[in-house]
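J.: One letter stands for each residue in the lines below.
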Amino acid sequence: MTSVDITAAIDAAPVPTPTFWRRARASRSLMIGVAIVGLIVLAAILAPVISPYPPDQQDLYHILGGISSKHLLGTDDLGRDELSRLIYGARTDILVGVLAIVFPFCFGTMMGTIAGYYGGRIDSVIMRVVDVVIAFPFYVLVIALVFVVGPGIRGIFVAFAVADWVVYARAIRSATLVVRESNYVAAAQAGGLSDARILRRHVLPNTIAQAIVYAMSDIVLVIVAVVTLGYLGLGVQPPTADWGSMISAGQDYLTTNWMLSTLPGIAVVITGLGLSLIGDGLADVLRPE
Amino acid sequence: MLRYTARRLAAAFFVAFGVTVATFLLLHLAPGDPARVVLGERASPQALAALRHQWGLDSSLGSQFTRYLDGLAHGNLGTSFINKTSTSSLIRDRIGVSAALVALATVFAVIITVPLASFAAVRKDRAADHIVRALSVAGIGFPAFWFGIVLIEVFALRVHAFPVGGWGSSTETHLRSLVLPALTAAFAIVPILVRSLRVGMIEVFNADFVATLRSKGLGERRVLAHVMRNALIPTLTLLGINVAYLIGSTVVIERVFDLNGLGSLLLTAISQRDFPVVQSVTLVLAIGVVIVNFLTDVIAAELDPRIRLE
Amino acid sequence: MSAVAVDTVLSVRDVTVSVLRGDVRHTAVDAVSFDVPAGRALGLVGESGSGKSLTLRALMSLLPPAARLEAGSVHLAGDELPRGVKQVRRALRGRMAMIFQDPLSALDPVQAVGNQIAEVPRRVHGRSRRQSWERAVELLRLVGIPDAPRRAHAYPHELSGGMRQRVVIAIALATEPSVLLCDEPTTALDVTVQAQVLELLDDLRSRLQLAIVFVSHDLAVIRQLCEDVCVMYTGRLVETGRTIEVLERPLHPYTLGLLDAIIDLDDPVGAPQPIPGALPELERLPGGCTFHPRCFLATEECTTTVPELSPARGAAPDRASACIHRDRLISP
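Chains as they are written, first to last, in my numbering: chain A, 1 to 289; chain B, 1001 to 1310; chain C, 2001 to 2332.
Please note that the accuracy of each hint is not assured.
So the derived label-pair ranges between C-beta atoms look like this [said to hold, decoys possible]: (1) B/1158 with A/42: 48 to 54 angstroms; (2) A/68 with B/1021: 55 to 61 angstroms; (3) B/1044 with A/238: 31 to 37 angstroms; (4) A/284 with C/2023: 17 to 23 angstroms; (5) B/1005 with A/190: 40 to 46 angstroms; (6) A/129 with C/2220: 52 to 58 angstroms; (7) C/2064 with A/129: 44 to 50 angstroms; (8) B/1096 with C/2064: 20 to 26 angstroms; (9) C/2064 with B/1291: 41 to 47 angstroms; (10) C/2023 with B/1128: 19 to 25 angstroms.
FYI, nobody ran anything at the bench for these hints, they're computed from the structure.
Think of the CB as a built atom: it goes at the ideal place given N, C-alpha and C, for glycine as much as any other residue.
Start from the sequences, fold in the hints, and give me the full structure.
T.: Spelled out as structure tokens, the structure:
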């Protein structure tokens, strides 16, 4: 350790470097993913501006209409414009999806870091809890929690807060275990830095990359879950436009207006594709050469 | 090997107990009054209290839990608030459907994943590989239930090959009505399995021992068999996790295809606030996951002796 | 290069390998030729990145995906090896075997070592299961593993590094080859174990009359095992000849540099002199003689002409050097 420049080790905190941006631009998956997601997010933000109709405006004289000049993608069983509902659905589902992983991300990362860094009893306890939560089939847990808290957006947030943090904890714990053995952490410890400082400047910047990459694919799963809950009637409540409840409502009309169920699903798939591409691209870019 | 199995078994029991406690706590923290749901909004306070007393909901949480554990030990899972029938009989009637669904879905998943991943791995970076990879990436974002609806649309309504839903009355109709749901469930997990197996195989292909295998003079097919055996192991663990996920997604799939399994029982019980049923079904499903994880661990250790050292 | 001698088992002519970096193909091995008679060991020495491993892998058609054999021919006991990968492998069965640097990654982690050896007699030679297992135990004994019948049931991770390497050798011998290619098999081992493995290889060489090609960056190891040596730099042969002669009277400044760079136990006071400069990258090879930027003998001519490997005057026919100023290295 004598040959290690301790001051240098203490001050070295990895940050996104210029090489990061260069590699990011070179990654085709990342760029395509960002383009797709960017477009959808833009549409969602501009929803009030670009939707031809308000999403809950009913027109009971024109229910279940097909493609027409007034309704580009037809109308649903209450005469609401399908296109507008699709756009507003993007707003709801993506927003809820992204917000829902904030707590699991933060809490899971924190738990994983503590478990990995301190080891011993703390690690055992945390990992036992993780094992029990993981033992619950995901949807069973989510539905049971929605049962406890009540349906709607609040239920969704609570359900994911409890069910989703565990995968972050596990991944971060593995990454932390690796980082814990590295030289610069040992140098920092020898230099007498406080644990909090070591965790913040040396451990976390190196492990967080994994969590971010995972978060991308997690958002996809969460959005699918939000949509699924909507389908079951346990998620976003009507009349708020949500792709899941749109698919559910359309299932009765498969033979006549198959578009009502199919289009929202395609929207989910495309959004998922974009996010997965971002996740893959990021994983490639962040991987050490 | 025996010691490893014993260790995993102990861990499984521990987790099972944790799950039992968690399920119990989860439900007794629920807002809403089951008694009111059964007796209606206009029931008198005395009637509500009497019903609650009958169900044992007014004693302390601790004694309720002890009574629950006691019941479990004797195979008694409580009585449904709504139906007045024993929960275990309700579960027994439906567990076959769910188990068959999960089993068939797993079989489909394996049959689809292995050839697809090998195909892509062997033709790495060529057109076929890119197509498989693109499909895997896209597939992760597929909501399973929507895919099920699409399958119904195409294969049941247009082509009449399979029933739109329901369970049917004979073994033959049972199997036919399981095909589309099992396919739907399988497609939910195939993308992630294909990705993992493909990467695993590519990594193994580049490993030195493959060069050794080739320099032994073995045919390419035997080399592939060895590569597969090595690459399969991490994906096997992933399969275990995904089958666990499958068990949970039966809840949704049974709703799409109108099947009478544990999943739809759970959904109905939840909307009716039927405590004992929700509690027991959740427990059964979670125990199913514990069993699957245990089996996966043991099989993986059997295949890869290095795991036994953990 | 002289005409092929009668008892030459392995004859390599003008093997050229290119490597894809980014979008451009670069030459990583440039027209390498050598012959190895039965029962002799030839060392292929050079720094990491000199192309020696690629050369061996090219002979076995085990090149990594980014590399490609551009030209060259290989003859085994007079028969030319065909070019297509599948045909080469079939032709190689039982004639040429290879052992690798890291025995742990060279062995299948999920199979018992006995099975890995037995697979050759079983699948390639068609023997029965019992015969194959017996052959495997026999080979384990041949490579010096104690308690062979019991050890055959062990998994690679249960064995020590030295034993694993012996297992790798046993697997190679199972194909009953006449040529054994060794890609730095002792680099990952402790010095004492290294010596044992080298001794084993030497023993097998003379007992089984194996032709051995031994790749290493370690001159001491080469000196211990190989009667002949070829020195490689940036994919080209720069000097060849009997090991004793090359190491005591080098005819190329690079070889001289390598010798000066190691500590001489006979003269411990003299400090090792590293060769100035660094090994050039594949994409930026100097023109003319690629060694000229680091060479104390370099002249204007060295920057423009690529020197050919040519025999030394008045020396044995296999003694050759690729330096136009070699005469300056011969002490009067």
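J.: To test your reading of the hints: which numbers does this structure violate?
T.: Numbers 1, 8 - these are the hints that the structure violates, sorted from lowest upward.
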